[in-house]
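Counting with numbering that gives the first Met the number 0, you get residues 0 to 134 for the letters of the sequence shown.
What the hints contain is simulated information worked out from the structure, not anything from laboratory work.
Even glycine gets a Cβ: it sits at the ideal position worked out from N, Cα and C.
There could be a bad hint or two in this list.
What the hints assert, rightly or not - Below, simulated SDA-like cross-link-like pairs (lysine to any residue); rule was C-alpha separation at most 20 Å, straight line: (1) Lys6 / Ala69; (2) Lys6 / Gln95; (3) Lys6 / Met29; (4) Lys6 / Arg70; (5) Lys42 / Ala69; (6) Lys6 / Leu58; (7) Lys6 / Ala86; (8) Lys6 / Asp43; (9) Lys6 / His76; (10) Lys6 / Pro38; (11) Lys42 / Leu58; (12) Lys6 / Phe67; (13) Lys6 / Leu97; (14) Lys6 / Arg33; (15) Lys6 / Ala90; (16) Lys42 / Leu27; (17) Lys42 / Ser4; (18) Lys6 / Asp63; (19) Lys42 / His98; (20) Lys42 / Glu77; (21) Lys42 / Arg91; (22) Lys42 / Ala86; (23) Lys42 / Lys6; (24) Lys42 / Thr59; (25) Lys42 / Asp63.
As the list claims (entries may be wrong) - Simulated DEER-style distance windows between Cβ atoms: (26) Val47 / Ser75: 28 to 36 Å; (27) Glu92 / Leu9: 38 to 46 Å; (28) Gly73 / Asp19: 15 to 23 Å; (29) Tyr8 / Arg91: 15 to 23 Å; (30) Ile3 / Gly73: 37 to 45 Å; (31) Glu2 / Val41: 14 to 22 Å; (32) Leu97 / Ala52: 14 to 22 Å; (33) Ala1 / Thr23: 29 to 37 Å; (34) Ala1 / Glu92: 32 to 40 Å; (35) Gly53 / Asn93: 24 to 32 Å.
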Amino acid sequence: MAEISTKPYLIRALYEWCTDSGYTPQLLIMVDARTRVPPGFVKDGQIVLNISAGATRNLTLENDWIQFSARFAGVSHEIAVPVDRVAAIFARENGQGLHFEPIDAPESPEQPPVSTMPDDPSTPPRGRPSLKVVK
0 MAEISTKPYL IRALYEWCTD SGYTPQLLIM VDARTRVPPG FVKDGQIVLN
50 ISAGATRNLT LENDWIQFSA RFAGVSHEIA VPVDRVAAIF ARENGQGLHF
100 EPIDAPESPE QPPVSTMPDD PSTPPRGRPS LKVVK
């Protein structure tokens with residue numbers, strides 16, 4: 000029987016603790032080829048993500064992937080982070096949380112599961128607009 004990692008369970012527990020305590024949960028991510036985040040916000044191969052309910056939409060904290068939609072500089076992005084790339088989860092207000100040992104990424108770039116998130120309703124439809132005369 001394969002050993003199940005405690006990491007995703009600890010991430011979910013710390014997320015709940017932050018939200019129950021009124022803190023802002025944040026993730027420190029070690030970005031690699033599998034990590035889908037806005038590249039312009041990555042510094043030194045790392046990014047800090049606010050995963051509070053007010054900052055994300057359709058947040059899922061699964062055993063293998065963390066996925067959500069968030070705005071960066073007013074632009075909506077679909078975020079997908081392999082759980083093994085999470086270096087820490089902590090409260091922004093006081094820094095309390097957990098840090099994890101980095102794990103090297105596997106050789107093959109595994110893709111996140113297909114998102115079932117609906118399209119962002121604030122994004123206007125593309126293409127030429129059409130109008131109809133209503134009498």
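Now for the hints, and whether the structure bears them out:
| no. | hint | verdict |
| --- | --- | --- |
| 1 | Lys6 / Ala69 | violated, 23 Å |
| 2 | Lys6 / Gln95 | holds, 16 Å |
| 3 | Lys6 / Met29 | holds, 15 Å |
| 4 | Lys6 / Arg70 | violated, 26 Å |
| 5 | Lys42 / Ala69 | holds, 18 Å |
| 6 | Lys6 / Leu58 | holds, 17 Å |
| 7 | Lys6 / Ala86 | holds, 10 Å |
| 8 | Lys6 / Asp43 | violated, 24 Å |
| 9 | Lys6 / His76 | violated, 25 Å |
| 10 | Lys6 / Pro38 | violated, 25 Å |
| 11 | Lys42 / Leu58 | violated, 23 Å |
| 12 | Lys6 / Phe67 | holds, 19 Å |
| 13 | Lys6 / Leu97 | holds, 10 Å |
| 14 | Lys6 / Arg33 | holds, 18 Å |
| 15 | Lys6 / Ala90 | holds, 17 Å |
| 16 | Lys42 / Leu27 | holds, 11 Å |
| 17 | Lys42 / Ser4 | violated, 28 Å |
| 18 | Lys6 / Asp63 | holds, 10 Å |
| 19 | Lys42 / His98 | holds, 18 Å |
| 20 | Lys42 / Glu77 | holds, 19 Å |
| 21 | Lys42 / Arg91 | holds, 18 Å |
| 22 | Lys42 / Ala86 | holds, 14 Å |
| 23 | Lys42 / Lys6 | violated, 24 Å |
| 24 | Lys42 / Thr59 | violated, 24 Å |
| 25 | Lys42 / Asp63 | violated, 24 Å |
| 26 | Val47 / Ser75: 28 to 36 Å | violated, 19 Å |
| 27 | Glu92 / Leu9: 38 to 46 Å | violated, 20 Å |
| 28 | Gly73 / Asp19: 15 to 23 Å | violated, 30 Å |
| 29 | Tyr8 / Arg91: 15 to 23 Å | holds, 22 Å |
| 30 | Ile3 / Gly73: 37 to 45 Å | holds, 39 Å |
| 31 | Glu2 / Val41: 14 to 22 Å | violated, 31 Å |
| 32 | Leu97 / Ala52: 14 to 22 Å | holds, 20 Å |
| 33 | Ala1 / Thr23: 29 to 37 Å | holds, 34 Å |
| 34 | Ala1 / Glu92: 32 to 40 Å | holds, 37 Å |
| 35 | Gly53 / Asn93: 24 to 32 Å | violated, 18 Å |
Violated hints for the displayed structure, listed by number in ascending order: 1, 4, 8, 9, 10, 11, 17, 23, 24, 25, 26, 27, 28, 31 and 35.
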